[in-house]
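Student: These are the residues of each chain, in order.
4 protein chains.
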Amino acid sequence: MNHGTTAPALSVGMVGHAFMGAAHSHAWRTAPRFFDLPLRPVMSVVCGRDGARAADAAARLGWADSETDWRRLLERDDVDLVDICTPGDSHAEIAVAALEAGKHVLCEKPLANTVEEAERMSAAADKARAVGVRAMVGFAYRRVPAVTLARRLVEAGRIGEVRHVRAQYLQDWIADPEAPLSWRLEKDKAGSGALGDIGAHIIDLTQFITGERISSVSGHLRTFVDERPLALEHSGLSGTASTERGAVTVDDAAVFLATFTTGAVGVFEATRFATGRKNGIRIEINGARGSLAFDFEDMNVLEFYDAEEPAETAGFRRILVTEADHPYAAAWWPPGHGLGYEHAFTHQVVDLVTSLAQGEDPHPSFADGLQVQRVLAAVESSSDSRTWQEISA
Amino acid sequence: MNHGTTAPALSVGMVGHAFMGAAHSHAWRTAPRFFDLPLRPVMSVVCGRDGARAADAAARLGWADSETDWRRLLERDDVDLVDICTPGDSHAEIAVAALEAGKHVLCEKPLANTVEEAERMSAAADKARAVGVRAMVGFAYRRVPAVTLARRLVEAGRIGEVRHVRAQYLQDWIADPEAPLSWRLEKDKAGSGALGDIGAHIIDLTQFITGERISSVSGHLRTFVDERPLALEHSGLSGTASTERGAVTVDDAAVFLATFTTGAVGVFEATRFATGRKNGIRIEINGARGSLAFDFEDMNVLEFYDAEEPAETAGFRRILVTEADHPYAAAWWPPGHGLGYEHAFTHQVVDLVTSLAQGEDPHPSFADGLQVQRVLAAVESSSDSRTWQEISA
Amino acid sequence: MNHGTTAPALSVGMVGHAFMGAAHSHAWRTAPRFFDLPLRPVMSVVCGRDGARAADAAARLGWADSETDWRRLLERDDVDLVDICTPGDSHAEIAVAALEAGKHVLCEKPLANTVEEAERMSAAADKARAVGVRAMVGFAYRRVPAVTLARRLVEAGRIGEVRHVRAQYLQDWIADPEAPLSWRLEKDKAGSGALGDIGAHIIDLTQFITGERISSVSGHLRTFVDERPLALEHSGLSGTASTERGAVTVDDAAVFLATFTTGAVGVFEATRFATGRKNGIRIEINGARGSLAFDFEDMNVLEFYDAEEPAETAGFRRILVTEADHPYAAAWWPPGHGLGYEHAFTHQVVDLVTSLAQGEDPHPSFADGLQVQRVLAAVESSSDSRTWQEISA
Amino acid sequence: MNHGTTAPALSVGMVGHAFMGAAHSHAWRTAPRFFDLPLRPVMSVVCGRDGARAADAAARLGWADSETDWRRLLERDDVDLVDICTPGDSHAEIAVAALEAGKHVLCEKPLANTVEEAERMSAAADKARAVGVRAMVGFAYRRVPAVTLARRLVEAGRIGEVRHVRAQYLQDWIADPEAPLSWRLEKDKAGSGALGDIGAHIIDLTQFITGERISSVSGHLRTFVDERPLALEHSGLSGTASTERGAVTVDDAAVFLATFTTGAVGVFEATRFATGRKNGIRIEINGARGSLAFDFEDMNVLEFYDAEEPAETAGFRRILVTEADHPYAAAWWPPGHGLGYEHAFTHQVVDLVTSLAQGEDPHPSFADGLQVQRVLAAVESSSDSRTWQEISA
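Protein chains in written order, with the UniProt record's numbering: chain A, 1 to 393; chain B, 1 to 393; chain C, 1 to 393; chain D, 1 to 393.
Each hint can be trusted.
As the list makes no split between identical chains, a pair holds if one copy fits it or if it spans any two.
Derived SDA-like pairs (lysine to any residue); straight-line CA-CA distance at most 20 Å:
id, residue 1, residue 2
1, Lys278, Ala324
2, Lys278, Ala307
3, Lys278, Val301
4, Lys189, Thr114
By construction, these hints were calculated from the structure, which means they are not laboratory data.
All chains should be modelled from the sequences, with the hints used to inform the complete structure.
Tutor: Take a look at the structure:
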């Protein structure tokens, strides 16, 4: 075991250093300490528009250097991989440029703010792949061990043909009408609201677990609170509370019905107004031979119902996904010692680095990200037209 | 306390004696033993088409007499109230005739198989009311104490303005493709499948708890298994297994989005294919000030989140709805001694008898049942047209 | 099927008509309506010291007649079985006399207030058995379907050799120091407090489920509140609140360690001071091949862990004990339609009547009740001596 | 914010690099990245008996250097604090020497293998404190946010006077009789079995949360499997399975009753034979005004029952301990994004470093560790004598 210490280096440059930047930094730092990686991640440089903040982020998050222009980051020799943690409106430009510069790319979700951008990114990824440059989109929840186990059980046929998918992503952080505006509530930066921010996750997760794709949707978007107080940085004031208000230009909640390519029926709901639910990613899948259920608020557990069990002893079993046999678990602690949110990002780094070393495509690909983007667009379009919309292949 | 023993009699005639008939009989027998009723139910007569079976049912279920023709039952002087427990295709004819004969009516849900029938029934109920004859539709789940408590908390403003309604009725009894045909899978008898049989319940429950009405829907019906083995009575054979198959003419699952009159967004799912879920009536309602959650598979519990609680100690609380202060509970056992499925029917009798004695309209009314029928029809129509449908007022 | 209507009669006389009397009455009334009994229970007569109250109870609970002296009840020809629902201090006298009068006996738990009384009762039961007269003690929780299933799984070897038993009976109805005195808090009537009232249940349940007996104990009894306001009937006043206080002469809580005959280790706790727990009978049993867990506050569920399952998919499964294959369930409702507290009493009647018709001994026997009494006595004695006590065989 | 980058250094030397060493290393590395520490931890040197393994551990776990003799580590100038992660038999010697050498000490639990050792350590800590050198014992579970919140609520009087403590630490890793011997099953290295290894945690946790101390115990130790296969390293063979067996010299399970100084009654159970329970630290505390419940297998949740709430809406609330107002949570992720096992160690570092910078005593102190040791000894002694044992003050 080299524990990454003698393995070839993989130098990383990260763009953006907010919530996602912190999670990614922790992952790059932690992965080689618990997993025996074939490449040794080097945290070279972090990029942010404000120089002082970027330097501070470098110190705080553990990057050797900082930059203020992502274009300069792409020019650096000590960057083999660009990790994009900015809002969605900048993804396409940075990712395409990075791939063209021969840098591997890990891009946070959603892949882009529009289908058109996602198509350009996916095309760029295809082109880059031909010369050994890889691209991955950061749907990190795929690497929660319970989710990975769910995929494994479906793949092994344990629940049979999938009939029902029900998925909810429930938060409540803006249920209060006086919660201030943020970039996540502005369409030009965020692309959409609950739909793209959290709905994208449950689209990706259900397609990942089932191995199927959504083929048509009937959706409904809703904005419960149209106007909110400007945060201070918006109003240009400082030290004084703003009384100005700004328009919320994205959805607060998105609900949609879906059909899957192989016949399953789906029901989806993404909202920031589910009072009392904090990060409730709930997925239940019913198949002909069994069922699976997951709730991120109890993230170390996967529930599994095996319909082949005699009725006398059949029941949803609460699998504590911390056994050495479970995905990723052997690298961590003994059974029953649960993992947390950030571990999914660490596992994402592990899988990405492993794919790069083996010359394989990491998943989810930009094509996967594009497909999610198409579903998001179809939901929006369906909400406008009040009819079902097909997802183009 | 007269415990119904010296109270005036209320003579009951019941039509149908299968699953629902057993539940209703138990309720008529049990209500006066635990509740101090203003009228004393007398179980006069039960009606079934087959004379021997009807007589056996009378003995088994505790009715004094039996009939084979419901028209004769309407002519009897020892019948003040007609309790209709037959399949939906006969509801309209029996109920209208009974009301016209001056008998109070308790009619099992769904009120009817079509909107037209339900309209006739509702009109008959209106006419009867004018002469002091009452009609009630048997959405018994309203009287599960946890559900009644949910209504009480919404009414008291404890969850504020309702934003999200999510409701599922999950069963799995025909998930196996070899489960035989039954009248519940035939459109001419049952009207619809999962939609009308169990979807009707969650429509009524969510409207009851929120005090709001569904105003538009986008629905999708699905039949996963088109053909099933005939049960022996269908095939005309006896003592021999049938190899014949018959067509399933109703939906196996129904999903729909909904908007409510005052702006809430709803997501509904009713299915008989949710492997591992047996009678999973799950309702969650998110409001501006709090949330409520219920699951019939843990029916003595209501979960309540109070958003006015400080964040440090806020959380969904598991209210065991068995305290003397809780609906119906004082009549039964000490705290923590849970009730079962059939208690809801007993409570239905209690409320119905009380309304009759007080000369008030019991709820849910036939008008409520008609409105549910309109939602069911709109879901079907929406599934056909693949567009949203409005519910006429 | 005769549904008990043409079966030979079994005439019942019940002594006592409070909480337990109501539960037993419901059971005698309900059992023949759902189960096909070999004997037809006839609710002949109820006995209570106060004539007016007894007559009222007869009307309310459905008994044909009432008596004020249990000795007269024993003389009646229309009493084949005496059902004893009085406080524990009168059990021995009534039960022994009833058995000697040739009446079958169903006696509420705990069997008696002292080992000596229980020994006399057990001896009387042995003598009566010789002439075909049967005795049963009413540990009704054995007949909660999930509990019966637990016994069945242990008997089938599904959890292997039992190593750990942990059992709690948690209530909180006197956690408030101002809750008034009741006969349950007075040693001369109740024998003991939490220990005998509810601790007796978990002793019986764990011995029943495991098929093993407790062989030694180390116990500790505690009275948290020594003095309480007299209830009005105690103080002799009426219509005025009492300011007098009386002494609590029993334990508020009892905890004890135990060893079982075949080597398992047990931990027991019975309390009326577990704030927030209403009727929390929790039993967990860990064996070499699996584990079982039960909580009465979710009484339709049995949790089962099968250690022979591969680690990847092993987990406690939540068995909803409502399938036709489950104990007692086929007589009631479809899967997922849960039962309540009083169903256990109905099942007790079913099993008792069946045993009587078949000339077999019903369980639990008076000998079983005596053994529980010995454990209770050993716990008390151990609490006094602060050493372990053996249970005599 | 300096994020530890410009703060004065705190150089750490760690002894031992197995399971606990990995957890501590992660904590030292991670704490300054998420918390704004007043001292900057420097991971100077790790010590292990085998030079190659120690060097490998240094590389893998991120220590700058390695040593093979802990005495040399104490001599180094680049060690301000010694972090002891070895088995219990070496704690006393290393800790006392470190304190005498003027090094702060963080010592893993249990503090020692005997009361005598713990007394020496506590005396050494007292002496060191006088010259500003601090000692802390590593009961890390105190720093699980839900546990810290429990302490906070008790301290604020939210559950009132404590009446019941029930605590279980349930594991099953040696339930299989063929699981091999390890040092944890040998008395000379481990001191005791389940009692000291995991029982120590629930003793510390319940005393911490309640703010009370255990004053007397009645205990029972049990070894279910006396003999086990030697692991290969024991047998001296390599590459071949051993058929030799060795004696298990510690308890497999420990159960005990306890009284607390202020009158609460406790029931404790620690076992490695609770089939299906992996790391089930379950603590429930019932007080006069409320109750708390915690289960480490759902570690981000604290359950709280407030008895001052009206009965209608009272219930155990499931507090997801991830709000900014909750202990430690603001440094991590948004609400609902749960933490894992290792976070408790990171919080331990945060609190320790903060105490050191402020010149305050960190908790739990060596005196706290000594008191736990005395309870452990009393349980063992009680198990031998079969009588209650007092805990000396």
